[in-house]
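Asks: Chain by chain, the residues:
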Amino acid sequence: MAVQAESKQSSHAGDHSKLDPKDHLLLDPKPRGEMNAMVMEAMQTTHWRFWVAVAVLGGIVAYCLVYMWIYMIQEGLGVAGVNRPVYWGVFLVNTVFWIGISHAGTFVSALLRVFKAEYRRPFTRAAELMTSFGLIQAGISILMHMGRVWRFYWMVPYPNERMLWPNFRSPLMWDLLAITTYLLASTMYLFLPLIPDLAMARDRSTGWRKKLYRVLALGFRGTEKEWSHLHHALNIFAFAILPVMFSVHTIVSWDFAVATRPGWNSTIFGPYFVIGALHSGIAAVSMVLIVVRATMKNMKYFIRKEHFNALGVLMLIVSMGWAYFFFNDFMVQWYGGDKWTHFLLHWHEAGPIGWMWFLMLIFNIAVPWLTLWNKKWRSSPLVLFVVGLLINVGMYFERYIIVPVSLGINRNPFSWGEYKPGVEIYLTIGTFALFILLYMIASKLIPLVPVWEVQEGQLAHSVRKIGKAELPAVTDLE
Amino acid sequence: MDKKIPEFKANFAEEEQGKWGLVVDQDLCTGCNACVVACSMENNVSFVGEDDAAYGRAMHWIRIERLWEGEYPEVKKTPYQPTMCQQCGDAPCEPVCPVFAAVHSEAQDLNAQVYNRCVGTRYCANNCPYQVRVFNWRDWERPTPLENQLNPDVTVRQRGVMEKCTFCIQRIRKAEDTAKSENREFQDGDMQTACQQACPANAIIFGRLDDPESQVSKMSKQDRGTELLPELGISPRVTYLEVRK
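Protein chains in written order, with our numbering: chain A, 867 to 1344; chain B, 114 to 358.
Chain B with its partners taken away, still in its complex shape (with noise of 0.2 angstroms):
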């Protein structure tokens, strides 16, 4: 065998870019849920009900955090800040897994989910500091005809089973796959995230990091630019820009 065996973490480098990433403007963002209700669709996301929602088995890849600035009635600025999987280069998540559910994809430099491989030991999700990842707590129930809206191209999870937002991986092989037909390399609007299409206000940016000239670059690097938690030195991949003052 002279197939390299994925690593548990991604050769890690310090200030590296990493391959995928996403912008997010607070300042556009309106909290309407279009991009949650959009990932949901695309990545055949369950819907628990009223009730385990309400206990916080919600299972949204993509939350949607309203924060607040300042006591009432002084309230400086109500942000909005939609939540996925940061994708980290250094990912806590990955070496906590017994099984290499959680692995990092060395193709993509993106925290992949292994569905089929998870025991569900959930340790992944309490190593997590932005507590994106989500546990299939049961087998939900889709009441037919809903079965005919899954995504063909997404694995449908059973119970026990640990999942998060993959960026729209399968999207981006898509992508890729048909770049690589047209004999080109992948460039800006090639494609989009579930959630970048349905955001009504652009506040949602996704491309290529390691490309100088896409535009999720040059807006990561804009002053209004942060990362969550960038204390913790585990160099997510999605940047939040400020609300403008």
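Here chain A stands alone, though its shape is the one from the complex (with noise of 0.2 angstroms):
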């Protein structure tokens, strides 16, 4: 292969260059076979702790999510730590913890593609699996929430002798059509690029699984109009999920926005939410990209210090976006000076939940600032990991600042109070391990790595010798 001859010779070349392709996958190419085969040992290789982390998770779902679920379901709301004024409690936040978390698969896969940023390539499909693993613990959060889980199709508008539909004026509604929407949108867009990679799946397993790819490939052979018509869908598809993703977070921004409520009434929270929907998600991203990478075999060759680099570099402009809009959001209500968002924001910061504000603010905006400058540290998977955990604790405690902590304080200073989680714990605990658990089992289901995009990216790279220089080339296949 030319490509490949091409970039050998480079990495003889002359020391004045720090370009080395070594450290750059799509300039470090293998054989498409082997590289198949890697992808395939991957997935089919189980180590013996998968099989006991899978037993501890299963029990984990079990007992907290399942066994813990019916007992709220038989004894009412009144087991979790919900009160008045505190209607809405943790499950609220996790909904919008995980739907933040679900932004990421999106962004980081769409975005990036659409703007043809080629350092996406090998793990579009690990951020995108989180997108719909993310979204069906933020469905199942909001079902939990409900005081009558068990009527929850009320909400969804089907024909009744009754002629009763769902109220269409409630942001209530806009959202169970926006995570609906979001949900299907994402698994569709999940599987579109996941097709040519079933092919290579079922073309070189047996068994069930030769089985299962036979069905999920729908056939793919990889003839040129197949490739047409993938690359025509999914370039449709990454335009379009993209003002979908955008939505759903406004949307759940409204729930809040749009209520008579001191602290959330605010017209900037579509935006504040969106942005901290990344600030999370991109983290959440890498912190699954270096488990991933440590646990899996083979993934270290596709999964380098580049992407983490990059990842970094996202990271720390969209914390400084989030510290932006923090302080918009801040800045706009207290000089506002309104009595009531007054008692709120103090509240907040010498509450006593006080030490959780200030937290979020060290978590969120400091320890980013402080740690991701810097190119070593970012490129470091140990420290990439602490930041992002550091940054998802972060935003947790952001949107427990804003749903519990905030509802404690109303217009009516009789009714004030404060929270404390009960049952919420166990489940919040369970849809962790839910999302761990699919994550896990999907790694190895389906092939975690787009093959075929590092391919075709492997293809479309090179080095090219101008002058004494050597610089990375792109050529453009479609």
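Quick caveat, the hints were computed from the structure, so don't treat them as lab data.
Careful, some of the hints might be misleading.
Some chain B residues near chain A, calculated using beta-carbon distances under 7 angstroms [what the hints assert, rightly or not]: (1) Tyr185; (2) Pro186; (3) Asn240; (4) Gln244.
Source: prediction; values computed, not measured.
Each residue gets a CB set at the ideal place from its N, CA and C atoms; glycine is no exception.
Please assemble the complex out of the two chains, which come individually in their own frames, going by the hints.
Replies: Now the structure itself:
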């Protein structure tokens, strides 16, 4: 292959250039057969530790999620910590948190695809999986939150003899529609680029796997026409899903912003929530990638320091964006001088949960700004993992402050109160366990790296010598 | 279907009087809580027990707020403020309900709460600036023989359902039906709400706001009359008469 020969030559070139092709996945190609085999091996080999983790997570899901939820349905929401005035508690925090996590998948995949950011290629699928699985947790959390969950279908517009329809003017109704749309669209968007890889897996597996992949691959053979259709569909989807992604979290923010409550009734909540979702989401993508790289076979080839570096830069930029929107929201509310908002802001900072407010600012702003500016640090998986974890804790705190802490203060001082989570703690652990469990199972069922995208990228990339400098060059295949 | 499907909000007009109204004279209220008890008896409101009540889950549809003016020891006044659903003309609780459980009754111009339709999202309660909605956090126990005192005119609510003061709508309907069968209009004194009936100081007056001759219309136009949170412009139907100087 011409591309390979060229890049091999360049790796032996002189020292005057800093560019080392071995640092870049797309400049360090492997033969296609070998790469396919690597991905198949990563998918098919399971360490005993994997099964132990699955068993532990399965136990947690069975106890914390299934058993505790059934208990809560039987007893009523009294076993949770919600009360008057804090009618919404951790369940809604979890909903906002998981929708936030789900944002990164689409952002990393669709936005970077639209802008042709080449470093996205090896990890788009890992990110897209987070979208679908995160949305499942968000949906479950909303159902947990409902007082009579066995009547949840009353929120769905279905024809009935009493001519009763849901109230399309309620933000909760918009939520239902937005989340369903996003779940369907992101699952389709996950599936489309998966088809060639499923076909690859079908041709290289036996037994039940072959049967499964034969059904899932939809008879993909890799003809010119099929590729053209696939690229066409992917292009449409990547553009179409972006507005869906932005609208989902904006609509979630409207649940709060349209309410007549101090602290919630803020016009900037839409973009503030979107940037917050990206903040926690990109951090979560980095964490998942680091875990995948450390635990799965052959992943160190696909996910490299350059990817952590790129994600680190994204995290830093998004952190600055979040700080900007936070300041805007805080500043305008504080300057407005409304009596109730004044009480609320004071409650945030100096109330019993004040420590959370300061930790939120430290984790969301100070930690990323102080660490991610350094290329060496942000390229290190360990540092990026810790920073990502802290950002996610900080963003969880942010949602906790917006929902139960803010609900403690309202326009009726006689009913001010505090909130202590009860059974919510178990159910929260349950959603986290279910997310990890689904992800682990998926990592063994579908190729976690979009092989064809990596191969396409490697075909297009090469190092060209221009004068004495060696520069990476991209040929546009499309 | 030529029948009109109820709107999520009444056709709201500025300064509109509304149909039913309540006047609470804070000068007369002694804070004795008789209205709270009477309301609970009339409307089958559950008792939640000490622990849940202390945690903010008491289910009274009306609560006596004890307020202070001035700092101790220079306390000027300690008015009591019985707070129940203000039956707003432009209620914030109504548009946010996804299933039309919180809905405006066009016939009575009241905020209806359809218990059997409620799925328990609790958005209405968050959006209520007076915080007068109460939620059934559990299926509260009613040990025998207490079930015998249940009012047959009022639904018993299940866990996971929101509820609130209805201005004793079952009594309103009964009084209106009686008036109709006697071929006359509803007049003052045809009915009393449970809280009004129980009030030993006559601090609670209920009646028709759209009848200028009714006691409640006259009293609500007094100089002492104020609404709660008038700045929100949601036109509550309850008028509070301030404590005299």
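Asks: Hint by hint, note whether the structure agrees.
Replies: Outcome of the hint check:
{"no.": "1", "hint": "Tyr185", "verdict": "violated (17 angstroms)"}
{"no.": "2", "hint": "Pro186", "verdict": "violated (21 angstroms)"}
{"no.": "3", "hint": "Asn240", "verdict": "holds (5 angstroms)"}
{"no.": "4", "hint": "Gln244", "verdict": "holds (4 angstroms)"}
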